[in-house]
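Q: Read off the chains here:
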Amino acid sequence: MNRERSLRASASEPDGRGRSGWRRRLRMVLLSLVALLYVFSIPWYRASGEAPSLIWGLPDWVLVALACYVTVALLNAIAWLVAEVPERDDTDDGDAAR
Amino acid sequence: MSFGTFGVAALCVYLGSLVVVAVVARRSRRDLSPADHFLAGRDLGVFVLFLTLYATAYSGNSLLGYPGEAYRRGFSWVMATGFMMSIIVVFHALVPRLRPIAVSFEFVTPGDWVRHRFGAEPRGGALVLAVALLMTIALANFLFAQLKAMGMMAEQVTGGLVPYEFGVVVLAGMVLFYETLGGMRAVAWTDAVQGVLMMLGLAILLTWLLGESAGLGAMTGAIREVRPEAVAVPEARECANWASTIVLLGLASVVYPQAIQRVYAAGSARTLRQSLALMTFMPLVTTLVVTLIGLAAIPRFRDLGAVEADRVMPLLLGEWAATGPLFALAAVLVFIGALAAIMSTADSVLLSLGSQLAEDVLGRSHRDDATTQLGKRIAAGVMIAMALLAMVARDVTLWGLIELKMELLIQCVPAFLIGLHWRGLRAGPALVGLLAGAALAIAGVFLDVMRVGGVHVGVIGLGVNVAIAGIGSLWAAPRLAQGQPGTSPRSAHSS
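Here the protein sequences line up with chains A and B, keeping their order. Residue 8 in this note's numbering sits at position 8 of the first sequence, and the numbers go up by one each step. Residue 492 in this note's numbering sits at position 492 of the second sequence, and the numbers go up by one each step.
No wet-lab data here; the hints were simulated from the structure. Quantities reported herein were computed from a predicted structural model and do not represent experimental measurements.
Computed spacing ranges between beta-carbons, pair by pair: (1) A:GLY21 <-> B:GLY217: 42 to 50 Å; (2) A:VAL39 <-> B:GLY424: 24 to 32 Å; (3) B:LEU210 <-> A:TYR45: 28 to 36 Å; (4) A:TYR45 <-> B:GLY324: 44 to 52 Å; (5) B:GLY217 <-> A:ARG25: 41 to 49 Å; (6) B:GLY324 <-> A:LEU33: 42 to 50 Å.
Ideal Cβ positions, reconstructed from N, Cα and C, are used throughout, including at glycine.
All chains, please: the whole structure from these sequences, using the hints.
A: Following this line, the structure appears as structure tokens:
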């Protein structure tokens, strides 16, 4: 039964108990932005084989990709700092998994 | 003093420092339990955890394979910075759910989660075994790649005084020595030393390269002159491959057994979050740097073959070392940093292999001290086998090895990521999906079809895998509700 409760907690209940809803929402917004940045980091919207102009010594499409990745790093770091990772499984009362 | 002599002296100092760290780690152990040996007593702090995550994530593949791939593909290899970062992004789907359960139920191996989640169901045991075997194959492949890179580095750093084969044997022996002596504690502490050396080496190398190339603009101009397609906007197929590689690496890397074991080994959840927040920046100071190194090699070495391209970093360092004794010393430092990166990955892989084979494949308990000894013996056997293989099979590209490993590893993703988030996932469909995905990936290797329209066969295999696992589990749900015998987790658990 304990194992069942633990599985339920891990697989169906949201992280935390609703006390820090804003943290979860902020994290979801940040991760959604990260996903968008990944989409725009790939130059699928440019003509294949096109000779790029150089900005700061790099091809423009490379600079766009790098700008996306720098922003991803910042947003993802914030997402980790606001993430809720419980120290232990709350439903655990000492029963072993096996 | 010649470059080779500098190299031998530096190598001896470096290896000597590893012995000291291993002995100190051995004295710090608390008991003989698998948790103490394989997870350092679950007590890693932010600094050590961050550096061990860093040194483990950036390996011989990153330091030799990635410059080689940048040399082959050109600027589109900036994708590597993105896919290395995607690993830390995808960890959001794993860590917050897995970590508390792992602590509560004292997990040691990734298989402990699969056993906990699916073990009571019909075919749960088979799923545990299949996941363990797939991870073992991927890890053995990874270890082989590290040993190959170690031999290459030892040969280069000593200017040929230490031959490739001798380098493989000596360095493999050293990794085995400190891993056996001090377990995860020795591995994590040596990783910390190795991580600092790697960062130092890359910083020196980048400074030199940009100075030599008269800045980024001049370097890009020289590349455009020699190989215009390396600078041009990539074709649609390359863009598809870019997206596919982000998916492949991002998903597969989070189920790296050594990464999962570091999630278990963190001293606290806060420590883990802070380490991961720091890790997200590391592709910018590591992957991007090695990409620039590979790009800088394009105008310098014009006609390197596919396998030979993995040597661009050693070739650049050799060229640098030839310009004067001070530069030779700096080049040796970079070489040692790169070697440190490779060894730090090899030790983590070896530790995971030992624990996983002992527990998940041979079924020993993670609470039994004898499992620690068995894990050590298995690790020794695997290391010897892979070292022998690395000595005879040199003509394989490092990136080719990474792709193969990832395409197998990614098939384990549903058992972890979907299993953590969807209670409806059942062991039987998850097992069938995993086998189908792996079969597709292996067929791709045998038929020499690694990508379809730029998308990795392993990623397509994952799609098939997820579809089978998902549809199969949904189909099983009504049967569960009706309480048919053999389909309920609870009934299976009690039986």
